[in-house]
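**Q** The residues making up each chain are set out below.
2 protein chains.
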Amino acid sequence: VKPRRPTIGVFDSGMGGLTVLGALVRLVPEADYLYFGDTARLPYGSKSAETVARYASGAARYLQQRGAELLVIACNTASALALDKIAASLSVPVLGVIEPGADRAATCTRSGKVVVIGTEATISSHAYQRALAQRGLEAREKACPLFVPLVEEGWTDHPITEQVARIYLDEAFQTGGADVMVLGCTHYPLLKTVLRRVVRPDVKIVDSAESTAEAVRQRLHLQPWTPSSPGAERRTHPRFTFFVTDSVEKFRRLGERFLGFAVEDARLVDLEQEAIAVR
Amino acid sequence: VKPRRPTIGVFDSGMGGLTVLGALVRLVPEADYLYFGDTARLPYGSKSAETVARYASGAARYLQQRGAELLVIACNTASALALDKIAASLSVPVLGVIEPGADRAATCTRSGKVVVIGTEATISSHAYQRALAQRGLEAREKACPLFVPLVEEGWTDHPITEQVARIYLDEAFQTGGADVMVLGCTHYPLLKTVLRRVVRPDVKIVDSAESTAEAVRQRLHLQPWTPSSPGAERRTHPRFTFFVTDSVEKFRRLGERFLGFAVEDARLVDLEQEAIAVR
Chain F
1 VKPRRPTIGV FDSGMGGLTV LGALVRLVPE ADYLYFGDTA RLPYGSKSAE
51 TVARYASGAA RYLQQRGAEL LVIACNTASA LALDKIAASL SVPVLGVIEP
101 GADRAATCTR SGKVVVIGTE ATISSHAYQR ALAQRGLEAR EKACPLFVPL
151 VEEGWTDHPI TEQVARIYLD EAFQTGGADV MVLGCTHYPL LKTVLRRVVR
201 PDVKIVDSAE STAEAVRQRL HLQPWTPSSP GAERRTHPRF TFFVTDSVEK
251 FRRLGERFLG FAVEDARLVD LEQEAIAVR
Chain E
280 VKPRRPTIGV FDSGMGGLTV LGALVRLVPE ADYLYFGDTA RLPYGSKSAE
330 TVARYASGAA RYLQQRGAEL LVIACNTASA LALDKIAASL SVPVLGVIEP
380 GADRAATCTR SGKVVVIGTE ATISSHAYQR ALAQRGLEAR EKACPLFVPL
430 VEEGWTDHPI TEQVARIYLD EAFQTGGADV MVLGCTHYPL LKTVLRRVVR
480 PDVKIVDSAE STAEAVRQRL HLQPWTPSSP GAERRTHPRF TFFVTDSVEK
530 FRRLGERFLG FAVEDARLVD LEQEAIAVR
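Protein chains in written order, with the numbering used here: chain F, 1 to 279; chain E, 280 to 558.
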């Protein structure tokens, strides 16, 4: 019996969610993927909760219309500010990146103290603080607004990036005791090498992209994938469709850096026109 | 006879255009001002020409409907990518920031060689290169994508910013001979102190915000303003109305840094709803 392949929708404001998609493909290759990058309106990190909810809900509904049976909000800002509103506008199940990251932090910590880094909007929402508090953990939250631009400049392993990281993280860790750092932004996995050099060796780094992919695998009741799984050869070829609201060419060019492999079937979508057409 | 005060519309993707508004108020205090900051959709610097044209034209038409008799596109990206399209969608005269900056560079240079710095989108449009070539000048263009985030982080006079500036500008000036540097982004006037330290003392820095304000003054056939001008006491109190597409509170809080005085009458506008209402 050939099991039906699920279609998973992955939404982000831009490229960052591709790190989540990359982690998903590694952990859940027995699915097909629709990715929506709202590149015309990025970054969400500087926008208000109302605006983020409105934009993300529109994109999420688009993915549902296109056949997504499970939706991953692979954007920390949208997960932090608008997950309930997005879920309320959909009929399929929705997962954000905050809860899986908090779960993983709870598993890793011994001291019960966790540092969370993210964009200004994610941090000032205190979504991670609340999620960690529910698990009995104490959070020290630190906004690192220069990390995304540094990644986008391509300075992922650059002396400037290391200095900036030292400024941000010295402040974040100064109160002491934290033994876990949660990467609360989907761009940050690209800075892992630098961040590993800057934090103490005993601090565990929780990559919320990986944690979220693991949560999706569990949600779909799938076994960990191995090359010897039944149908393994078929499972290794998910289909991908990418929808973006700005330049397809730029998305293709930069996407590979985040995803780890080439972006092929990318299409331009105008959500504002779609909204008018629906009315 | 009390002369009628003109109403000038100033458009930018966000806060940066406030440096142009600040320069305008100093040079042309005998006007009232409408400012539109498309803060929900910033930054334009990473968007395609089509998207920038569509967004900026909508905002410009809004300012015209609100009574602007002259429109300043105080956004280098929109001026570079979409000035003709914006002008075609309006009935009032429109000024961008590129031509005034190029004019000023032509006045200042002796070597005929000019360095232009700006966002990725402005630089890759080569709008400054074309404008300078029309004046017989040779341009070396350099994108400085980290400058805007550094300004927004508040690191306007910070050792990291100085190092980043050295990396960018050493590269820009290495071919030699340039004696003028044009600040091709409305955020960059806030970095003048750092930039002055980094470039050679004989390099003149052209602030396109100031050049544009001067072009507006000339366009309106106004004399340079002095405290002893007729009606001087009245002229020192322009009225300001600010329209933004995202958080009014955040715009007020950060606006003062760019403008030099407090933002008071700021209102939230939803251009997408406006567009639907018009249909």
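Some hints here could point you the wrong way.
Unchecked claim - PhoX-like cross-link-like pairs, simulated, lysine-lysine; straight-line CA separation at most 25 Å: (1) E:421 <-> F:250; (2) E:483 <-> E:421; (3) E:364 <-> F:250; (4) E:529 <-> F:85; (5) E:364 <-> F:142; (6) F:113 <-> F:204; (7) F:113 <-> F:142.
Honestly, the hints are just simulated from the structure, not real lab data.
**Q** Against this structure, judge whether each hint is valid.
**A** Checked hints:
This hinted pair checks out: residue 421 of chain E and residue 250 of chain F have alpha carbons roughly 19 Å apart, not beyond 25 Å. Restraint check for residue 483 of chain E and residue 421 of chain E: satisfied, since their Cα atoms lie roughly 16 Å apart, inside the 25 Å limit. About 22 Å separates the Cα atoms of residue 364 of chain E and residue 250 of chain F, which keeps this hinted pair within 25 Å; it holds. Using a Cα cut-off of 25 Å, the hinted pair residue 529 of chain E and residue 85 of chain F holds, with the two alpha carbons roughly 22 Å apart.
About 42 Å separates the Cα atoms of residue 364 of chain E and residue 142 of chain F, which puts this hinted pair outside 25 Å; it is violated. For the hint linking residue 113 of chain F to residue 204 of chain F, the alpha-carbon distance of about 12 Å falls within 25 Å, and the restraint holds. The hinted pair formed by residue 113 of chain F and residue 142 of chain F meets the criterion: a straight-line CA distance of about 14 Å does not exceed 25 Å.
Hint check: a violation occurs at hint 5 only; the rest are consistent with the structure.
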